[in-house]
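Take a look at the letters that make up each chain.
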Amino acid sequence: MNVDKELFAAFAFHAGLMVVKTLGMSFLTARQRFAKNNFISREDGKTRPAAKIGTGVDEDVERVRRAHQNDIENIFPFLTLGFLYLFTNPALSTATTVFRLFSGARILHSVVYLWEIPQPSRALAFFAGMGANLYMGYKILSTFMSAM
Amino acid sequence: MNVDKELFAAFAFHAGLMVVKTLGMSFLTARQRFAKNNFISREDGKTRPAAKIGTGVDEDVERVRRAHQNDIENIFPFLTLGFLYLFTNPALSTATTVFRLFSGARILHSVVYLWEIPQPSRALAFFAGMGANLYMGYKILSTFMSAM
Amino acid sequence: MNVDKELFAAFAFHAGLMVVKTLGMSFLTARQRFAKNNFISREDGKTRPAAKIGTGVDEDVERVRRAHQNDIENIFPFLTLGFLYLFTNPALSTATTVFRLFSGARILHSVVYLWEIPQPSRALAFFAGMGANLYMGYKILSTFMSAM
Numbered sequence: 258m259n260v261d262k263e264l265f266a267a268f269a270f271h272a273g274l275m276v277v278k279t280l281g282m283s284f285l286t287a288r289q290r291f292a293k294n295n296f297i298s299r300e301d302g303k304t305r306p307a308a309k310i311g312t313g314v315d316e317d318v319e320r321v322r323r324a325h326q327n328d329i330e331n332i333f334p335f336l337t338l339g340f341l342y343l344f345t346n347p348a349l350s351t352a353t354t355v356f357r358l359f360s361g362a363r364i365l366h367s368v369v370y371l372w373e374i375p376q377p378s379r380a381l382a383f384f385a386g387m388g389a390n391l392y393m394g395y396k397i398l399s400t401f402m403s404a405m
Numbered sequence: 258m259n260v261d262k263e264l265f266a267a268f269a270f271h272a273g274l275m276v277v278k279t280l281g282m283s284f285l286t287a288r289q290r291f292a293k294n295n296f297i298s299r300e301d302g303k304t305r306p307a308a309k310i311g312t313g314v315d316e317d318v319e320r321v322r323r324a325h326q327n328d329i330e331n332i333f334p335f336l337t338l339g340f341l342y343l344f345t346n347p348a349l350s351t352a353t354t355v356f357r358l359f360s361g362a363r364i365l366h367s368v369v370y371l372w373e374i375p376q377p378s379r380a381l382a383f384f385a386g387m388g389a390n391l392y393m394g395y396k397i398l399s400t401f402m403s404a405m
Numbered sequence: 258m259n260v261d262k263e264l265f266a267a268f269a270f271h272a273g274l275m276v277v278k279t280l281g282m283s284f285l286t287a288r289q290r291f292a293k294n295n296f297i298s299r300e301d302g303k304t305r306p307a308a309k310i311g312t313g314v315d316e317d318v319e320r321v322r323r324a325h326q327n328d329i330e331n332i333f334p335f336l337t338l339g340f341l342y343l344f345t346n347p348a349l350s351t352a353t354t355v356f357r358l359f360s361g362a363r364i365l366h367s368v369v370y371l372w373e374i375p376q377p378s379r380a381l382a383f384f385a386g387m388g389a390n391l392y393m394g395y396k397i398l399s400t401f402m403s404a405m
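Heads up: the protein sequence lines correspond to chains A, B and C, in order. Quick note: the first sequence uses the numbering used here, first residue 258, plus one each step. Quick note: the second sequence uses the numbering used here, first residue 258, plus one each step. Quick note: the third sequence uses the numbering used here, first residue 258, plus one each step.
In short, the hints are calculated from the structure, not lab data. Please read all numbers here as calculations on a predicted model, not as lab measurements. One thing to keep in mind: the hints can contain errors.
Note that identical chains are pooled: a pair holds if it fits in a single copy or bridges any two copies.
[Said to hold, decoys possible] In silico lysine to any residue, SDA-like type, Cα no more than 20 Å apart, as pairs:
#1 Lys278 / Trp372
#2 Lys309 / Glu319
#3 Lys278 / Met405
#4 Lys309 / Thr351
#5 Lys303 / Leu371
#6 Lys309 / Arg323
#7 Lys303 / Ala287
#8 Lys278 / Glu330
#9 Lys262 / Met402
#10 Lys293 / Pro306
#11 Lys303 / Arg323
Use the sequences and the hints to build the structure in full.
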């Protein structure tokens with residue numbers, strides 16, 4: 258199994274970027290937890306008598322958690338789809354475009370979600386990323402169909 | 258590191274299928290959200306005065322979300338385990354059987370969950386997928402134990 | 258794209274270990290569900306008239322689920338970061354140290370979370386794992402930056 262060096266590099270960059278972006282959501286959640294004094298487990302509030310403990314308590318905290326979960330549901334699939342897509346013999350320019358579209362759409366999705374920009378902004382960013390994922394999924398399934 | 262072409266193709270097909278299947282859960286959730294008028298963020302309900310906003314509100318919506326989360330907990334591990342398993346020198350027929358078993362079990366798991374087919378159906382589908390994952394995990398750990 | 262055999266083996270072992278560890282959280286959740294008679298879907302309680310159904314009901318069940326979710330948020334990123342990191346030409350000894358640090362930190366994170374060991378234990382275990390992930394992310398992005 259061999260993959261073109263430039264093709265692999267394009268995937269490695271965008272996959273790395275998307276993982277680091279997803280990890281960043283933990284820090285944004287933590288920032289809201291301290292700002293709103295809402296922590297997730299009772300031991301976190303031991304030295305903070307006024308802290309609210311639990312999930313579903315503070316909308317600003319929950320909003321970041323929902324954006325994080327949406328990354329899990331869309332970016333983690335991309336990490337596998339993007340890698341397998343490399344083996345479907347795509348043109349470098351096509352692959353780079355798909356990866357850039359996905360990265361751009363997912364960064365936009367978080368910006369729109371966290372700044373509460375009115376719909377259909379979030380839906381559009383979601384579907385741009387989903388479209389890139391489904392396109393790669395289609396290429397993978399049609400390429401490897403005979404190995405079912 | 259080299260992997261047999263047919264072995265890789267079998268993994269690529271089943272991994273692609275499982276990722277696309279997981280992505281599909283988003284559409285099933287959206288379908289229930291519109292059917293039950295229950296959306297996740299307040300900006301989604303701006304033009305729908307009767308919409309219920311939030312999680313944990315509608316059982317039919319939550320059921321799809323639980324099935325989706327169960328895919329995340331089991332299919333995402335498969336994507337890595339299946340790939341590393343390729344490097345443990347399995348017979349093609351064994352690997353194909355394990356991948357097919359996993360794919361079948363996880364599709365069944367969603368059908369059983371969403372149609373609310375009585376237990377122990379869901380438990381059995383869950384354990385079939387989990388068994389395939391743990392089998393591959395065991396092969397990987399025993400093959401690469403010396404690199405601990 | 259070629260990777261040193263020993264480097265790959267080190268990744269394969271630790272990635273396999275971390276996935277199996279994450280899968281194990283399902284069994285720990287199930288154990289608490291039976292111990293506290295709290296199940297997730299109504300069909301699970303058909304033959305248990307006293308069962309409590311739903312999420313957010315029992316703190317001991319929810320604690321395992323939060324630890325599981327934290328694994329999803331940190332270990333799944335590691336699976337991709339660790340793999341791409343292999344292509345950044347790291348020294349075997351450095352890579353092994355990073356993988357061991359990550360594995361150790363994440364096992365510790367679960368122990369600390371489930372046994373409710375006082376903070377900042379959980380925060381420290383979290384940041385050790387996050388640090389390993391971000392280090393690999395930095396190496397990947399700087400190596401493949403030109404393929405943006």
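Cross-check of the supplied hints:
For the identical chains of this complex, Lys278 and Trp372 are intra-copy neighbours only, at 16 Å inside a copy versus 30 Å across copies, given an alpha-carbon limit of 20 Å. In this assembly of identical chains, the alpha carbons of Lys309 and Glu319 lie at most 20 Å apart whether taken from the same copy (13 Å) or from different copies (16 Å). With identical chains, the CA atoms of Lys278 and Met405 are at most 20 Å apart between copies only, with a shortest distance of 15 Å across copies and 34 Å within one. Proximity of Lys309 to Thr351 under the C-alpha cut-off of 20 Å is found in neither arrangement, the shortest distances being 49 Å within a copy and 42 Å between copies.
Proximity of Lys303 and Leu371 under a CA criterion of 20 Å is satisfied inter-copy only: 17 Å between copies versus 29 Å inside one chain copy. In this assembly of identical chains, Lys309 and Arg323 lie within 20 Å of each other by CA distance both inside one copy and across copies; the values are 19 Å within and 17 Å between. Proximity of Lys303 to Ala287 under the C-alpha cut-off of 20 Å is restricted to the intra-copy arrangement: shortest distance 17 Å within a copy versus 28 Å between copies. Taking the shortest alpha-carbon separations for Lys278 and Glu330, both the intra-copy value of 14 Å and the inter-copy value of 12 Å come in at or below 20 Å.
Taking the shortest alpha-carbon separations for Lys262 and Met402, only the inter-copy value of 14 Å comes in at or below 20 Å, while the best intra-copy value is 25 Å. In this homomeric assembly, Lys293 and Pro306 come within 20 Å of each other (Cα to Cα) only inside a single copy, at 13 Å, whereas the closest approach across copies is 28 Å. Taking the closest pair of Cα atoms, Lys303 and Arg323 come within 20 Å of each other only across two copies (18 Å); inside a single copy the shortest separation is 26 Å, beyond that limit.
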